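S.K.: Dock the two chains into a complex; use the hints.
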Amino acid sequence: MVNIKLQQGPHGFIEEKELVGAQHFKLRLIAQGISTVGVVQTLIAKSTYADKIDLLEHQTRAALHVLNNFSHRALLADEVGLGKTIEAGIIIKEYIARKLVRKILILTPATLKYQWQEEMRSKFGEEFIIADSPEDYTNSKVIASIDTAKTERHQKVLANIQWDLIVIDEAHKLKNTATQNYKLVKSLRKERCLMLTATPLQNNIFELWALLDLLHPGFLGTKAKFTENFVSDKDGLKINRSSILQEKLRKIMVRNLRKDTGIKFAKRIVKTHLLTFSAEEMHFYQEAIAFIKKQYEEISKLEKRDASVEDVESASNLSEEDLKKMAGEYKRKGLLTFGLIMLTRQLTSSLATGIKALERYKDTIEDEEKVLLVDALIFQGKKIDTDQKKDFLLKLLKNEKDKVIIFTTFRHTQDLLELELQVHGFTTVKFNGSMNAEEKEEAILEFKEKKQILICTDAGSEGRNLQFAHILINFDLPWNPMRIEQRIGRVHRIGQKRDVIIHNIAIKNTIESYILNKLYEKIDLFTQAVGEMDLVLSQLKRKGSIERSIFDSFLDSNEDLFDELIEAKNSADDIKKFDHDIFGWGEHGS
Amino acid sequence: MDPELIEEFFKCYLDENHLKYAVNQGIYTVTLDKKHQKWYDLKKCTFDPLLAKGPIQLIQPGNFIFDSMVCRYADVVVSNLRIPDDHDHLFAVNEKLVDLNKGSVTYNISEEREIGTYIFFEIIVNTANRKQIFSLPMIVIGKRTFLADNFLKADFELVQEKFKVQGVDQALGDIELFIGKDLVKAENEQDKDMKDLREIQHQHAEDQYSELQSEENKMLDRINSLENDAGYASTFSSKNRYMAQAKSLRKKHMLLIKKNQSKRQEIKGLFDKQINELETRELQVEAKIVALAKVDFPYLLVTFADGDEFYYFPFLETFEKK
Chain W
1 MVNIKLQQGP HGFIEEKELV GAQHFKLRLI AQGISTVGVV QTLIAKSTYA DKIDLLEHQT
61 RAALHVLNNF SHRALLADEV GLGKTIEAGI IIKEYIARKL VRKILILTPA TLKYQWQEEM
121 RSKFGEEFII ADSPEDYTNS KVIASIDTAK TERHQKVLAN IQWDLIVIDE AHKLKNTATQ
181 NYKLVKSLRK ERCLMLTATP LQNNIFELWA LLDLLHPGFL GTKAKFTENF VSDKDGLKIN
241 RSSILQEKLR KIMVRNLRKD TGIKFAKRIV KTHLLTFSAE EMHFYQEAIA FIKKQYEEIS
301 KLEKRDASVE DVESASNLSE EDLKKMAGEY KRKGLLTFGL IMLTRQLTSS LATGIKALER
361 YKDTIEDEEK VLLVDALIFQ GKKIDTDQKK DFLLKLLKNE KDKVIIFTTF RHTQDLLELE
421 LQVHGFTTVK FNGSMNAEEK EEAILEFKEK KQILICTDAG SEGRNLQFAH ILINFDLPWN
481 PMRIEQRIGR VHRIGQKRDV IIHNIAIKNT IESYILNKLY EKIDLFTQAV GEMDLVLSQL
541 KRKGSIERSI FDSFLDSNED LFDELIEAKN SADDIKKFDH DIFGWGEHGS
Chain X
591 MDPELIEEFF KCYLDENHLK YAVNQGIYTV TLDKKHQKWY DLKKCTFDPL LAKGPIQLIQ
651 PGNFIFDSMV CRYADVVVSN LRIPDDHDHL FAVNEKLVDL NKGSVTYNIS EEREIGTYIF
711 FEIIVNTANR KQIFSLPMIV IGKRTFLADN FLKADFELVQ EKFKVQGVDQ ALGDIELFIG
771 KDLVKAENEQ DKDMKDLREI QHQHAEDQYS ELQSEENKML DRINSLENDA GYASTFSSKN
831 RYMAQAKSLR KKHMLLIKKN QSKRQEIKGL FDKQINELET RELQVEAKIV ALAKVDFPYL
891 LVTFADGDEF YYFPFLETFE KK
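Residue numbers (our numbering), protein chains in the order written: chain W, 1 to 590; chain X, 591 to 912.
Bear in mind the hints are in silico, worked out from the structure with no lab data behind them.
There's no promise every hint is true.
[What the hints assert, rightly or not] PhoX-like cross-link-like pairs, simulated, lysine-lysine; straight-line CA separation at most 25 Å:
1) K853/X / K150/W
2) K785/X / K186/W
3) K628/X / K448/W
4) K141/W / K863/X
5) K383/W / K370/W
6) K752/X / K878/X
7) K633/X / K448/W
8) K842/X / K853/X
9) K225/W / K863/X
10) K576/W / K259/W
11) K633/X / K52/W
12) K390/W / K451/W
13) K5/W / K754/X
14) K628/X / K450/W
15) K518/W / K541/W
16) K853/X / K841/X
17) K223/W / K842/X
18) K733/X / K5/W
19) K878/X / K5/W
20) K625/X / K52/W
21) K440/W / K450/W
22) K448/W / K267/W
23) K141/W / K183/W
24) K451/W / K271/W
25) K785/X / K223/W
26) K721/X / K251/W
27) K853/X / K183/W
28) K785/X / K863/X
29) K610/X / K628/X
30) K225/W / K785/X
31) K508/W / K293/W
32) K156/W / K183/W
33) K721/X / K771/X
[As the list claims (entries may be wrong)] Computed beta-carbon distance windows for the label pairs:
34) C661/X / Q422/W: 40 to 46 Å
35) N866/X / T177/W: 18 to 24 Å
36) Q23/W / K863/X: 48 to 54 Å
37) K633/X / Q422/W: 35 to 41 Å
38) E747/X / Q8/W: 24 to 30 Å
39) N814/X / T177/W: 28 to 34 Å
40) E135/W / Q835/X: 54 to 60 Å
Note that this is a predicted model, so its numbers are computed, not measured.
The C-beta atom is built at its ideal place from N, Cα and C for all residues, glycine as well.
Next up, chain X with everything else stripped away, as it sits in the complex (with noise of 0.2 Å):
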């Protein structure tokens, strides 16, 4: 886990619930307000953001304040924000112009403002071994869905207005265009998953059929060797108690036969509880939102005298073509 992202989450967390802290160091001594003491049953307290050293602890998950910080903040959360206009944006886009290979050729940067939505998923897969979560902040601007890891590096304004959500739809539809190679990497591992779990169901039911086969079959040519014996038996009673023990033998099959069949039917039940069983488990996946904006933010518009044309969003950090 990024130190450096816990440490921000820590000092965001401080800031909002206007919690007093002390930075000595790299140590942070907090003050707690009544309501934070009731809930860690402490007064004050002290965290090393790199090292744990004694009573101190550390900023990281499985510390229990910490997680209990992290907790307070699970809910679904909504806004309406305002990014204002930067000009520093016109330094860094020239900056980055190289990356387009235009060489020579003039352009012209306009700073202009958009309206989009921006959406953070939770991708819940799901496969027959195994569960993943992948994380996917997506902004909706016009028609176009794009990838938004640098969001949060933007200053926000909250506008007090309540607004209508677009986007959604398009966004859960483009979710493949970012994480199609690890899904299709999920589909795989999920198809070979069941094929193994089927193929020890199978072989199981396989191996005990054969089992019951194999004890059936045991008796049957035991019963052939007594029949046998009893046809080069020497003495007329031999041969009677030879044809005595075949005949009870027969009897006995007759029986194991019928108690057999009801364990195929058991086995067989058995194997298609387990399949069915098997079925709960098929690929899914799952997009949770986690937070959801609406977004007035600027970015600027390169215009190439060859007729090109590039947004440079700031919170993507490069060029998309119009």
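For reference, chain W alone in the conformation it holds in the complex (with noise of 0.2 Å):
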């Protein structure tokens, strides 16, 4: 005899209700007929966010495929742009929605926790608090940094807490078993576990089963048995048995490819336009690089170089403000490369934004000739009475009627632009990091009904669909080629109608058009669709921070980083192909 329990409990409440007519309770019957029969064939939370998301044939399939047949675990590991965080929003809304959950934690790189707040918040009306500390795990919706939640103060928490739902972004950073993460997540007491990621395979099929293995121990065996199953060479480019191989993955993971959804993407079309200083400003920008050389040589003598590259890597992924905040760090620490970094990204991004920078910089020397050669750059750069960048920008929009949207990494370039435009008689609207929630739903709103041009910072942008614009201005260009995708996908994603216009300002002879011509160019960023660099840069044997060894580079003029950068391009190509191997089985994953 099975134990059958009433759910509400001692049902006193019932008259407890105010009595309803007839017809209600006759609606209130059909209802329940409608939406009980939906278990499997409709998501009966749909109408709350079906406003506010176009959603898509695959997303729901994906969705309804994970809730009926995946019940406790499932790694959703579609392709890049295919909106995996969309649905992850549908299981998550659904299983709210029929009350299978309560508790839920949701895991991300730290670079993307508000972008998972603000998706959250305005597509699914679900407040998720960021876990900024231990006590903030005892609310029922958190999300944290995995960084932050592997910390010995988070964990000890954590191991306590029994989750109704686990939500892993980016999956595959728990490629190896070894780290700190994997062995985090392993701790972790879950119901159910879902797992995203759009590229399970990065180097080798192992990874994979890493992977599987820490959202379903034992399913695909051990590593030994299945490599003895299914892999026919040490380096795991090498699958036997394929289609029971495919066929077990089916079980337990769901994975659309691009090619299979009949989604047609918007053609970008890319403009780069390489401008020529005036020779003041030239001779400017080359006193200020000779100084920051002999400054960062001098750094390199003192130094470890090695000490500060993972600070510098993490640092390549953050805010302005944040960067901020390192900056600090670093010159307590007396680690001064950031800083000269950060100098030379002023000095391309504008002129006034180059001498505010020297003037901070300034501050931080106690060399009274260095602070004199300082003196001398900002009172020439004063002197300079042009800015080609400023000038361009306003002959590119003078004829344009759509909307635009420019961006820059820099909040005083951010003000500088916005006072110009505005005297020149231009609409626009300023969205960065320092907004808060409202305000910046307020700026969103604000430039789709009334402003022709939102200027934005990096920090401000992330999460934003922005696809009713179709033209991105980069007014100066991150070193990061994540930061570049990150902006291009703010537009370039699905349910952009028009072709996407990006214009590329950068000066001839600066580190800006040495970066567009020996990186970017190259590795064809612009047109690789959003989400593909990771996968490059998982190729890329040098570890540590791309800005810096951009930087090394650019002034050691050494071209091995973009030799590299080629290599690595090319591995993911060739992952790209072993994986479509795998998981081209035709039917969409699901």
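M.R.: What follows is the structure in structure tokens.
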């Protein structure tokens, strides 16, 4: 005999309820019939987000497939740009609506935590708390950066919590079984687990095994058994009995490939504008770079360079606000390379931002001789009354009637552009990381409905879908290709109906033109699908910060980095082919 | 999904909310009031219950407006209903009498009234691998419980009077009478799923253990082989070399055993954790009251000359022995 429990507890509550009329009573009963038949056919929570998302068939199908067939463990591994976050959101929402989960933890890389929070809030109406301190885990819906969660203080608390659902974004980062991240996820008490990655294979099939063994221990056997059954070479790049493996994988993962969804992605038109500095501007720039080079040589002699590699790597993905905080740390530590990288970047953003950066840099040095040198540079810069980039921007916008998004890394440049554009009669709205959620919402609405130009910093744009605009101007260029990809990803995504036009503005013979020619164009950065750069960078043999590598290459006139990047891109292409051989199961994976 | 039921819901919704609509060749054009205009950001909407043509939207789950309508009716409803007398039931019962195979036994039919409790349960069955939902409409009359599938077809009047709820425990206890087979099937499924999942975990732990053991054995074999070689060594120096290698390997072997001991503990810990997690997936059957009403309804009592008595409940459309 089965024990049947009344979910609502003692039924005294019934007598408290107001009586409803016959019609209402009838409607409730039919509604029940309609919504419960949908356990396998429909998403009962759909009406709560359908007006905010253009749902695509493969997303609904993937979500239903996970809900019906993998009730406790699933790997969502759609190719980039197909909307895995949306799929995860649908599943989360459905679990909540069906009262299957209450306590949810989303683990993401630090750079994506706000994006997740924003997407869950704006698209699904679910309020998640970012776990800054261990006390935050007492909330029922929490987002934590995996790096924060693995710290001893957090892990101690996390180990004692029973989670109804854990969602892990960028799950391919758990491919190494020896890492703290892997151990953290393994130690968490979870009833249901959803892993998300666009690249379940980055180097070999063993990574996929590690990922799935974490999700569903033993499902593919031990590594030795798995190798014996399915792998025919020691590098894990050749597969045996692929149809049996595919059959097994289908029971635990969904992988939709772009080619199978039939979605037409908008075309990208890239226009690079290489401008020439005036003689005065070029002289100022060259003097400033010469100063930076000299400083860098001195610092290189002083410090062990590797000491700051990890810090700079994590910094390459941070917002400007975080970077400032970090720069402060560096000052205290005496690690000045980072400051020099920032200074170099600001010099190419705009003249005024460069001067401002020099003024700030001056405050960090004690050597009087150097202070005098920087003062001279500042003086020289302030005498210049031209700004090629700004003038070109105005020319570019002169006949533009459509909405335009201008990206800059720096808030100071953002302020200058706002002022300049308004003086010239353009309607603009600013968007950056210092704004709160409400202000951001208002800014986007204002841009959508009233203003022509959105001036945006990288930090501010995270997680925002701006596909109602199709023209993007990179007023300055981030050195990290991932950042460029994130910028493009704001407009070049599912739902973009027009060709996306990307304008890159750079000055000849500066580090920006160097990056454009030597780096971005060689790896086809601007034409790669959004998300693919992650795979390319994962193939790069050199570890550490890409920004620092660029800085080194520029100052040393060494081109090894670029050759390595091309090699990495070729490896990524090979992996993609291997991936399609394994996952090209034709039925959209679900 | 039954399109007629969906259309019925739609019409009921329009009536309940006093929304004006026109139907032309099966296509509904609805004029929304201010409240609905705000919800849907539309002034008018058009629905075709059978086909979606161009901008016309289907009345079906998945349609935003339709789903929103369904969502408005998600809370438990309680009512006190009266089904008025309907003499047409006398014709129905006469037609149905043949089902009783009473041949020429004379009978008498009387129209009676009764008060019962209608309860609509949602039964949620969670097994290790899936979840099923059953809808179970029941009516409790006295000490008996009946399935009430056709209850909605009746005409109701609302009785504005609060009442004391009766019959819930009895209905709860009788659920197995109606979906017992499904529950047994779910139990069997659960047993099989749990067995499979446990087997995977066991096999996995076994494999991990045996891999550790084979690692140790391999080293031990190598030590034995070196010691054996030392025994047959042709020179003193080669014997010493073999012995030294064996000794060094023995040390490593000890270290390996020690390392593997902690690895075994780790495997055991993880295994226990996995099994504990599995236990949380035990079969759960929960009932949720979706709707409840005290119902004052008419029924027909058929009394045969041979002493048999049958109820005919119009909402069941079948006879039940008294």
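S.K.: Each hint: holds or not?
M.R.: Evaluation of the provided hints:
1. K853/X / K150/W: Judged against 25 Å, a Cα distance of about 21 Å means the pair holds.
2. K785/X / K186/W: holds, 23 Å
3. K628/X / K448/W: Measuring from Cα to Cα gives roughly 20 Å; hence the hint holds.
4. K141/W / K863/X: Roughly 24 Å between the alpha carbons, so the hint for K141/W and K863/X holds.
5. K383/W / K370/W: holds, 20 Å
6. K752/X / K878/X: Holds, at roughly 21 Å.
7. K633/X / K448/W: holds, 23 Å
8. K842/X / K853/X: The given pair, whose Cα atoms are some 16 Å apart, holds under the 25 Å limit.
9. K225/W / K863/X: holds, 22 Å
10. K576/W / K259/W: holds, 13 Å
11. K633/X / K52/W: It holds: about 19 Å lies between the C-alpha atoms, which stays within 25 Å.
12. K390/W / K451/W: Given that 25 Å is the threshold and the Cα spacing comes to 20 Å, the pair holds.
13. K5/W / K754/X: OK: K5/W and K754/X at ~22 Å, within 25 Å.
14. K628/X / K450/W: At roughly 22 Å apart (the allowed maximum being 25 Å), K450/W and K628/X satisfy the hint.
15. K518/W / K541/W: Holds - the C-alpha atoms of K541/W and K518/W are around 18 Å apart, at most 25 Å.
16. K853/X / K841/X: holds, 18 Å
17. K223/W / K842/X: holds, 24 Å
18. K733/X / K5/W: holds, 21 Å
19. K878/X / K5/W: It holds: about 9 Å lies between the C-alpha atoms, which stays within 25 Å.
20. K625/X / K52/W: Answer holds: K625/X to K52/W is near 19 Å, not above 25 Å.
21. K440/W / K450/W: Holds. K440/W to K450/W sits at ~15 Å (cutoff 25 Å).
22. K448/W / K267/W: Within the cut-off at roughly 22 Å; holds.
23. K141/W / K183/W: holds, 22 Å
24. K451/W / K271/W: holds, 24 Å
25. K785/X / K223/W: With a Cα-Cα distance of about 23 Å, the restraint between K785/X and K223/W holds, given a limit of 25 Å.
26. K721/X / K251/W: Judged against 25 Å, a Cα distance of about 17 Å means the pair holds.
27. K853/X / K183/W: holds, 14 Å
28. K785/X / K863/X: holds, 16 Å
29. K610/X / K628/X: Holds, because 16 Å separates the two Cα atoms, which is no more than 25 Å.
30. K225/W / K785/X: holds, 21 Å
31. K508/W / K293/W: holds, 19 Å
32. K156/W / K183/W: Holds - the C-alpha atoms of K183/W and K156/W are around 13 Å apart, at most 25 Å.
33. K721/X / K771/X: Given that 25 Å is the threshold and the Cα spacing comes to 16 Å, the pair holds.
34. C661/X / Q422/W: 40 to 46 Å: Roughly 45 Å apart at Cβ, these two residues keep to the hinted range, so it holds.
35. N866/X / T177/W: 18 to 24 Å: Once the Cβ atoms are compared, 22 Å apart, the range 18 to 24 Å for T177/W and N866/X holds.
36. Q23/W / K863/X: 48 to 54 Å: holds, 53 Å
37. K633/X / Q422/W: 35 to 41 Å: holds, 38 Å
38. E747/X / Q8/W: 24 to 30 Å: Given range 24 to 30 Å: holds, Cβ gap about 27 Å.
39. N814/X / T177/W: 28 to 34 Å: Distance hint for N814/X, T177/W holds at roughly 32 Å.
40. E135/W / Q835/X: 54 to 60 Å: holds, 57 Å
Taken one by one, the earlier hints all hold for this structure without exception.
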